[in-house]
Structure formats: C-alpha cells, structure tokens
Amino acid sequence: MSQAVVAVNAGVLLPVLAPAIGAAAVLVVDVVAQRLRRTHYLIALVSLVVGAVGTFAGLGMAAGGVRQTLCLPDGGQCMYAADSVASGLQLAALLAAGVTLLLSWPDDKKQSSGNTAVIVSLVLAATAGATAVAGARDLGSWLVALELATLPTVALVALRGARSAISGAIALLTTALVSFGLLALAAALWFTATGSGFLTPAAALAVIDDPTRRPILVLSVALVVAGIGFKLSLVPFHAWTPEAYDGAPLPIAAFLAGVSKIAALGALLIVIRAIAPLGAPALTTIAIVAAASMTLGNIMALRQDSVVRLLAWSTVAQAGWVVMPLAAASSAAVFASGAYLLAYVLATLLAFAVVAALVQTRGAARARDLSGYHGLVHDHPVLAAALGLALLSLAGLPPGVLGLVAKVTALRPVVASELWLLAVVAAVNAVLGVAVYLRWLRVVMATAEPETDKTAPVAALAPSAHPATLVAVGLAALALVVTSINPQLILGLLGS
Amino acid sequence: MVILLAALAIPALTGTALILTGRDSVRASEANANLVSLVASIATAALVVATVVTRPKVDYQWLPSLGVRWQFSVDGISAPLLILTAALGIAVVVHARSYPPHGGSPTTFYGCLQLVELGALATFLSRDAVVFFLSFEIVLIPMWVLISRFGDSHDLPARVDASGRFVLYTVLGSTLMLVGILALVHSSGTANLDALAAARGAGLDRSTQMVIAALLLVGLGIKIPMWPFHTWLPPAHTIAPTAGSVLLAAILLKMGTYGIVRLVIAPLPIGFGALAPVFAAAGVVGILWGGLACLVENDLKRLIAYSSVAHMGFVVLGLSSGTTVGLQAALFANIAHGVVSALLFFLVGGLKERWGSADLATARAALREVSPRLGLALVVGFAASLGLPGLVGFWGEFLAMYSAWSPAADRPEGFMRVLAVLAVTGTAVAAGYSLRVLRLIWSGDRTTPAHVDAHGGEWSVLAVLVAAVLVLGVAPGIVLNTTSKDVSVITSEVSR
Chain L
1 MSQAVVAVNA
11 GVLLPVLAPA
21 IGAAAVLVVD
31 VVAQRLRRTH
41 YLIALVSLVV
51 GAVGTFAGLG
61 MAAGGVRQTL
71 CLPDGGQCMY
81 AADSVASGLQ
91 LAALLAAGVT
101 LLLSWPDDKK
111 QSSGNTAVIV
121 SLVLAATAGA
131 TAVAGARDLG
141 SWLVALELAT
151 LPTVALVALR
161 GARSAISGAI
171 ALLTTALVSF
181 GLLALAAALW
191 FTATGSGFLT
201 PAAALAVIDD
211 PTRRPILVLS
221 VALVVAGIGF
231 KLSLVPFHAW
241 TPEAYDGAPL
251 PIAAFLAGVS
261 KIAALGALLI
271 VIRAIAPLGA
281 PALTTIAIVA
291 AASMTLGNIM
301 ALRQDSVVRL
311 LAWSTVAQAG
321 WVVMPLAAAS
331 SAAVFASGAY
341 LLAYVLATLL
351 AFAVVAALVQ
361 TRGAARARDL
371 SGYHGLVHDH
381 PVLAAALGLA
391 LLSLAGLPPG
401 VLGLVAKVTA
411 LRPVVASELW
421 LLAVVAAVNA
431 VLGVAVYLRW
441 LRVVMATAEP
451 ETDKTAPVAA
461 LAPSAHPATL
471 VAVGLAALAL
481 VVTSINPQLI
491 LGLLGS
Chain Z
497 MVILLAALAI
507 PALTGTALIL
517 TGRDSVRASE
527 ANANLVSLVA
537 SIATAALVVA
547 TVVTRPKVDY
557 QWLPSLGVRW
567 QFSVDGISAP
577 LLILTAALGI
587 AVVVHARSYP
597 PHGGSPTTFY
607 GCLQLVELGA
617 LATFLSRDAV
627 VFFLSFEIVL
637 IPMWVLISRF
647 GDSHDLPARV
657 DASGRFVLYT
667 VLGSTLMLVG
677 ILALVHSSGT
687 ANLDALAAAR
697 GAGLDRSTQM
707 VIAALLLVGL
717 GIKIPMWPFH
727 TWLPPAHTIA
737 PTAGSVLLAA
747 ILLKMGTYGI
757 VRLVIAPLPI
767 GFGALAPVFA
777 AAGVVGILWG
787 GLACLVENDL
797 KRLIAYSSVA
807 HMGFVVLGLS
817 SGTTVGLQAA
827 LFANIAHGVV
837 SALLFFLVGG
847 LKERWGSADL
857 ATARAALREV
867 SPRLGLALVV
877 GFAASLGLPG
887 LVGFWGEFLA
897 MYSAWSPAAD
907 RPEGFMRVLA
917 VLAVTGTAVA
927 AGYSLRVLRL
937 IWSGDRTTPA
947 HVDAHGGEWS
957 VLAVLVAAVL
967 VLGVAPGIVL
977 NTTSKDVSVI
987 TSEVSR
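In order, the protein sequences belong to chains L and Z.
With our numbering as the guide, the letters of the first sequence map in order to residues 1 to 496.
With our numbering as the guide, the letters of the second sequence map in order to residues 497 to 992.
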C-alpha cells in the first residue's frame, strides 16, 4: 500500500468528486458572500447533477463490466471499482440528495438560521460518502467512506436544535459509534483472516479451504451484517430509526430514508460480492434479520399515528425486503437487492416530499399526524394522488407497478434458492405491508368531515407550498409514474 | 394484434382518465361519467369479441432483466371468460343508470369499474406467468375503493372491515401464488404459459411439483374462495355496491379457478394429482358449508355470497377429478356461476335499494304480486342456482359430480365417490335454501309496502341475463364446444 497510486481517472471518480468538491465550494462561497443562500443550493444542485452525469457511463453495463481507478501499479488491484449496480446506487444517491435539497430550499420570507452553508455542505459530504462507499474496494476507503456517509447526518439531525432533534441526534450518534466499532472490528478480522486489505472475492477465496481462518472470516461477515444493520435499520439494530426520523427536520428525515440507506446497502453489497464464493453459512444470518425486520417493522408501523414515525417503521420493514434476496447467494441477489432499494427510495422520497409540501401548507402539527390527512383527496387532490401512488408503490400494488415488480425481483432469488420459509414469511409480510399503507391511504381517501366553519378561513389563509418542494414532488411523482409504466428503466440501470 | 391491445388500452385509459378527473370538474357529472363508461365498455366488448374470433397473438419484450414479456393470446379456455367479462362490463354500467353510485365522486366509481375490467381481461389474456400475476393484482385497489367508498352507506366500520379483509386476504393469496409462479418459472425455465402447459412438468420431480402446486393451490384457493379461506367473501359481498358484487362474484372469483387450470393442472400434473383429493375435499366441504349457511342466513346478499362458496365448490370438485369431463364441467360451471351470480346480485342489489336493507326476516310485499318482472328473474335465478335441468346451473354441477364418481385413473376412486355423494347432498341443500328464499320473498299475497317493478336499464340487464340462463341451459354446447379442444389437450396427458 505504500507504493504510489499510479492511475487516477478523474472521470471514473466523478460521482464521488463532484459532491465532494461541491461541499468545499459551498463553504468557500459562504466565506465570500454569506447572504447568498440560494447560491449555495445552486452550487450543490449543479455538483449533484455533474456527479449524476458521471454515473451514466457505468449504468446498464453487461455482467462483469466495471469502471475502475486508483489501481496499484503493475496491473495490481484497484481501490475503486464500480459495476453497474454500484453506478445505479450512486445515481440514486445523487438524485435523492437533490430531492433533499429541493425540500429544504430556503424560504425568502423566513429569517435565515445562519446554517445554510453548513447544511448544504454536510448533505454534499454525506452524499460523497455514499457514492464513494459503493465503489470502495479496500478496507480503508470502505470504512472511511461509510463513516463519511453517516457522521454528517448526525449533525444534520441535531442542527434543528429542538429537544426532540437532540435526542434523535444522540440516538443516531450512539448508533453510528457502535456501528463503526463493529465495522472496524470486522475490517480487522477480515484482514486477519485473508491477509488482504481488499474486499474482493479473490481474498475470500484464499480462505475457504483453511479451517482455522475460515471461522474468522465468517465472524467478520457477521459483524459486517450487524454494523451495516444499524445503518440500514435492520432489526435488532433499528431502535434509533423512529427517534431520529421524528426529531430530524423533514428533509433530513428524507435524506436518512434515502441516501443513508443507499450508502449502507452499497457498503453491504461490496462485502456480499466478496464473500460470494463462501456460500450459505454467513447468509443465514441475513435471512433471519430480514424476516425479523419485515415483521417487526410492519407490525410497529401499523400502530403509528405520526406519519414520520410510520415512514420510519416502514423503512425498517422495507430494509428487510432489501436484504432478503441477499440470503440467496447468487449474482441475481445483488441485482435484486439493488433494484428493490431503488424502488423503495423513489417511493419513500415521494411520500416525504408530499408530507413536506403539506407541512408548508397545513402546518407541521397537522401534516405530521395521521388524522390530519383526513379527506386530503378533496383538499389537495394532486398531492393526494402523488401520496397514493407512493404508498401503493411501497405496498407493491398496481398502480404502483414499480413496487410490485420490485417485490417480484426480490422474491426471485429467494425462491430460486428454495428458501421456502423465508418466502412464506415475505408473503405474510406483503399482506402486513399492504395493511400499513392502506391504513394511511384510507384516511387520505375518506370523505371530508363537515368541519363547518373551521376549514374555509384556514384554506383561504393557507400559504401555498414552496415551489422547490412542489418541483421535488413533481419530479419524484413523474419518475415513479414513468418507471411504473416501464420498470425496465430502473432494472436496466443495474445491468442485465 | 392491434385489436387485442386496444381491448386492454381502452379500459386502462378510460379508467385512469375518469379517476383523474376531479369531482369539481364541470364534465364530471354522473350522466357524463356513465356515458363515457358505457361507450368505453361497448367498444371494449366489441374488441374482445373481435379478439376471440380472430385469435391474435401479442408478444413484446417488457422487462428483459427479469425475462418478462407482454404475451397475450386467446384460446378456448379463456374465450368464454373474456366474453363474460366484456358483457358484464357493459351490464354493470347500464345497471348503474338505474342506481347511481353514492358515497363518492361518480368518476371514481366508473373509473374503478373500468380498471377492474382491465385487470380481469388482462388476466384472462396473458400468456406470461408473471404478467398474469401483475394483471391479477390490478383489480385489487379499484375493488377496494368500490367496497370501502361506494359500499353500504349505513355502516362505516363494516365497510372498513369488509374492504380490508378483501384486500388483505387476496394479497396473501396472490403473494403465495407469486412465490409458486416464481418457483415454477425458475424450475421449468420458461414463463410462457403455453410452453409450461406443453412441458407438462417434464423435468420436475414429484416433491418439487407438490410444493409448487401446494403454494399455488393455497394462493389461488383464497381467491376462489375455497373453504376454509372463504371468510372474506360474505362481508365483501354484503357491503359492496351492486356493481362491485357482480364483478366480484361473476368475474374475480373465476380468476382463481382459471389460474388453477393454467398454472397448476396443465404444468404440474403429478403434483396436482397428489394434492387433488385434499383439494376436492375442501371443495365439497365448501359445498356443504356454504349450503348450510344459506339455510339460516337472513341477509340476502350474504346468502348469495355463501351460495357462491358452494357453487365454487363444484368447480373445485370438477377440476380435481382429472378427467376431460371434469375439467369441462368446471369451466362450464365457472361461466354458469358467472351468469347466475350476476343475475342474482343485480336483482338483490335492486331489491336492497327498494327495501332499504336485504334482511329476509322483515315482512315484505311478495315479488310475485307487486313486481312480476323482478319475481320472474328471481325465480329463474334461484332455479338455476339449485341446478334445475334445462337451466345453466345444471350442466356444470351435474357433470362435476359425474366426473368425481368416475375420476382419472390416478385418483383414489373410492374417496372421490364419497365426495361425489356428499356433493349430491349439497345439491339437496341448495334446493332447500333456494326454495326458502322464494317462499320468503316471492310467494305470498302481501302487497305492502309496494315498490316499483324493474324497468329501463335494470330490466334490460336482468332480461338479458335471464335469457342467457335459459339459452346456455338449453344449449350448453355453445360453451362446451369452445373449451373442449383445449381441455382435451390438457387432460390427455393428465389422465394417461
């Protein structure tokens, strides 16, 4: 590792470099011109778009295709390698970060909190971590990138300053530290077992037949699952999720539900791909964790009256679906897991965007409480339609065809590996999930109560949602409609 | 080819457009929505008839990553069901002219009817197992909306319960079916239903066939619904608006039995053969259970729902016999139940509007005295329901019992004969409850409280269905000849 890195291909690294440079640029601009809050956001959006364009070359490559750089000399291994699944995750992370920024776009009427530059650069830094971890192939950058994707979110949650935000941030921080400890230990064990600093199948392959080193590697993988489990909100490492979502400002909750999950899955997929030759034993853990997450997440989501907490528990359940295919050791599993995650992120972001729009028009108290959605279809038919599409997509029912196709994709490797028990648990959870989302949808579709004189004047005075929020809703809804008509647009990103 | 796609596109586009039309829009009046739906349904029906006559084939790549293709075509097994669907698609719209929907915007109501029709047509047309599943799911949300929004307005909790049960049971069934489909597709290497049927389970050992068949039978059995999974049906029918009840009983239940023919009997003959006795027994328990419930049930809609459980039991019995006669009987009984249950639900829906409830314990004016048209339709409907020779109900049930008496060689003959005898007992029970209903509401000489007889749209729908009951009863060959060729292809190998 002490040799000089010879090959740095900035083009390949663009998805990582663009948000990182953007984060620095925002801080520099803030020193020069502090009052131009919009400029910060524009710089951030441009850097995200540039990064997204940078992923295009890696999308939909044939199986085995990778774009790599930071290679050791003499044809040595590369520390950065993005295949089409990694590129797809990077694209999703960059776009999801863009939606987050649109949701937190500054409102001219309100006094600046003075944190604009900090928030924007933290979002960009975490996004750079998320895109970096998807391509990281050596232990060092993998760990650092994953923490880069995590730690800024602690600050983002805490910056709101409210008591609930602080407690959410503490929950998140504690989790992040424990998770880092586990992952650092896992990295150490990986190195002990394989003697390699690279997370590659070749490293794992060398250990397979060695009875003394194999258990160490298995332990390392189990620790990775636990450490990533915290970040993906998998049961039993999920407890921070509702606290942090509920305490965080809404756009940051959307960030936690979107970009953070992409980062975590990106990190997990690196390890899963590396241990593919190892086969089943390490993966049984994943099956158990997946089944537990789905079940507990759905049951708890059924009991929530706060929509943000409902979405938090729904994340727990959906995280179970995301990792479920990984219980089957096959290349289809990695693809399925990525595809499910993208479908989940798109639908969840749309749900958060609608909630954010309603916070702006109806006030936080009403928009965060399930009963505040009563008769939404009459008051805001367009927002209600967008929310309905998002919820049905999460539930996996037409017209949310994308969610349904994602469920088909996720179940395929499980069935192919004949994990019948897991498949039946998943089927039962599909039902529980439908119950969760239809419970919300039923409230949205209810006939408006005759609230007599209360609604009319409020409606007259109600501020309209910020245009940036509406753009976010519109873009996410459009993406969901288009990908529901042709889900191949999402599946194709991840390769064929 | 264009014809077939247009037959699907028209209900899809009309349904979506109607739902998206706001209720405040000037054009959203009840009459306009009805007219648009009527035109769309008639156009769809014309295209469906043309499709059935010309038998085009459609094959487009849709999700190359998953190997899913838009494959649609028609054969003798699906043709009668397609015609039934298209005809009832018109009938529910015509009938709704006499009974406008209440509980929500009329555009939503008619839009949901169109989408249910779309889902049913796509299910019967699709030749790709995964597309079959997706089509199966299309009907869920529209039907849920029909029951929860436009159902019986007296009782909100009951609507929530009934619509929730419907959707949750069905999702459980269809997800189990999806697991079965994915297993079938994975193990046989093709998703094409025709190729699956042609392979006849070649290369799948007995235990694999049994596992897959069991998953599919339970999944589809919930949809049929087969005893003991029938408990969602009575509340759904009791609460649903007339159009919803008709579509549910006459078309959606058939998707279950049709799925069993396509996905279980044809591609998994050995697995189905092993499970057939259990399946048949569940069917016969359903016949007796449903019949006995009908003897004491006092809600007329609920009574017809239980009689549906009994009638579908005959279909299950015929399917299980493994002979050409049995399969023919099942397919005919499918159509017969479609016609008869549609007639009865139209009739009872109208009566419920007149009476204010569907309670049999309340004394009413005798239909024979005050409304002879309704009385005639009721007599024909229940006479067909009890299996009177010369009416449509007779052939399917008679042949089903006959086929159970002389089943295929690999079925346990003694056990099947016991089931046949029990099924005969079931027909006696059916006579009992049918005559009970006729005695309670048709005969007698009470003339108060008077109500108007059927006229206009209601009478024309009832008259056409009465005619269909008579014509198909006298000339069952119309359906039997259509199905016979494709049925014998399936059973020639099954009963080898």
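Derived by calculation from the structure, the hints in this document are not laboratory data.
Heads up, the beta-carbon is just placed ideally off N, CA and C, and yes, glycines get one too.
Heads up, a few of these hints could be off.
[To be verified] Just the calculated beta-carbon pair ranges, DEER-fashion:
#1 L:L489 to Z:T512: 16 to 24 Å
#2 Z:R913 to L:P381: 56 to 64 Å
#3 Z:L788 to L:S167: 40 to 48 Å
#4 Z:P552 to L:A206: 53 to 61 Å
#5 Z:P596 to L:P381: 18 to 26 Å
Status of the hints after comparison with the structure:
Separated by about 19 Å at the C-beta atoms, L489 of chain L and T512 of chain Z satisfy the suggested range of 16 to 24 Å. For the pair R913 of chain Z and P381 of chain L, the beta carbons lie near 60 Å from each other, so the given range of 56 to 64 Å is met. Checked against the hint of 40 to 48 Å, the pair L788 of chain Z and S167 of chain L fails, with Cβ atoms roughly 59 Å apart. Checked against the hint of 53 to 61 Å, the C-beta distance between P552 of chain Z and A206 of chain L comes to roughly 58 Å, which is consistent with it.
Checking the proposed 18 to 26 Å range against P596 of chain Z and P381 of chain L shows it holds: the Cβ atoms sit about 22 Å from each other.
Of the numbered hints given earlier, the model fails hint 3 alone.
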